[in-house]
Amino acid sequence: MQISEGAVVARVVVDVMLKPEILDPQGQAIARKLPQMGYEGVVAVRQGKRFEVELEGPADDAALERVHKIAEALLANPVIENFEVRVL
Amino acid sequence: MDAARVGVITFPGSLDDRDAARAVRLAGAEPVMLWHADHDLQGVDAVVLPGGFSYGDYLRAGAIARFAPLMTELVSAAKAGLPVLGICNGFQVLCESHLLPGALLPNAGLHFVCRDQRLSIENADTAWTTEYRAGQEIVVPIKNRDGRYVADRETLRELADSGRIVARYLDLNPNGSQDDIAGICNEAGNVVGLMPHPEHAVESLTGPSTDGLGFFTSIVKRLVNA
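Line by line, the protein sequences give chains A and B. Quick note on the working numbering: the first sequence kicks off at 1 and runs consecutively. Quick note on the working numbering: the second sequence kicks off at 89 and runs consecutively.
It is possible that some hints are incorrect.
[Unchecked claim] For each label pair, taking beta carbons as the anchor points, the in silico distance ranges come out as:
#1 B:Val-312 x A:Glu-54: 52 to 58 Å
#2 A:Arg-46 x B:Asp-204: 31 to 37 Å
#3 A:Arg-32 x B:Gly-169: 43 to 49 Å
[As the list claims (entries may be wrong)] Okay, derived cross-link-like pairs now, EDC-like style, lysine to aspartate or glutamate, Cα gap no bigger than 16 Å in a straight line:
#4 A:Lys-49 x B:Asp-145
#5 A:Lys-49 x A:Glu-81
#6 A:Lys-69 x A:Glu-54
#7 A:Lys-69 x A:Glu-84
#8 A:Lys-19 x B:Asp-240
#9 A:Lys-49 x A:Glu-72
Everything labelled a hint here was simulated from the structure, so no lab data went into it. Cβ atoms here follow ideal geometry from the backbone N, Cα and C, with glycine treated the same way.
Turn these sequences into a full structure, and let the hints steer you where they fit.
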């Protein structure tokens, strides 16, 4: 995508995490490895996903609402995941 | 009368579409190959969503396939009563489409599991299971990475209470699925999702048994009697 100089480009981040009650074996595997690497004191790790969404225009309310809809429809599965939308 | 026509949808990354079509033919129906990018179910009497890795399982298994053009027609037809069987990746697509409740997550052991699996058929009244008896034990292959069935407690209770758990794993739960769930159906019983692969157990030459054929003969009998 060509972006002309001076164009307003907003970057919006969508963080997606498994709901707390859902088992995350990948996070558990990471947490189990840490003591072997010499890192003590970590009680748990949960793994999620981060999406960076670049917008044509500014991240105004309407644009954020659109990203929210995208997150709900595709980026996250609300059955198993929670998400947060924030402007970078 | 003409043979029943059972569609098999191919997505980019589908693997088991040809085996599903073969199972349909062995059961006595005419398989109709359907393409994900079309908007035409070609008037089929039932549909199989096959196993594989549609769209490379990018994002989540089944998440992108759910928005394939043909899924628009499939979702509304399924809601209107069209029999649909989703196997493995097809089950994942059905959950992502919200035609079935819950979701399928990476196996609890994080390994790809490929083995012959003993199952019990819990519900022999769905469109796809009438050729079995309730409680019947069968052996069919299972092969998946994202086969851990998850749903909230209320949904699990509702599935159990309404007899919508179609199959359960016996001996060993291969993927950490809640309540040993291997397959479920919608309220009407026309939409069934199954993680193991009955289409790979339809001939003694290539399968561990021919126990899987019943899913396909069930739908053929239903369509012929319709």
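Hint by hint, which ones does this structure get wrong, listed from lowest number up? none
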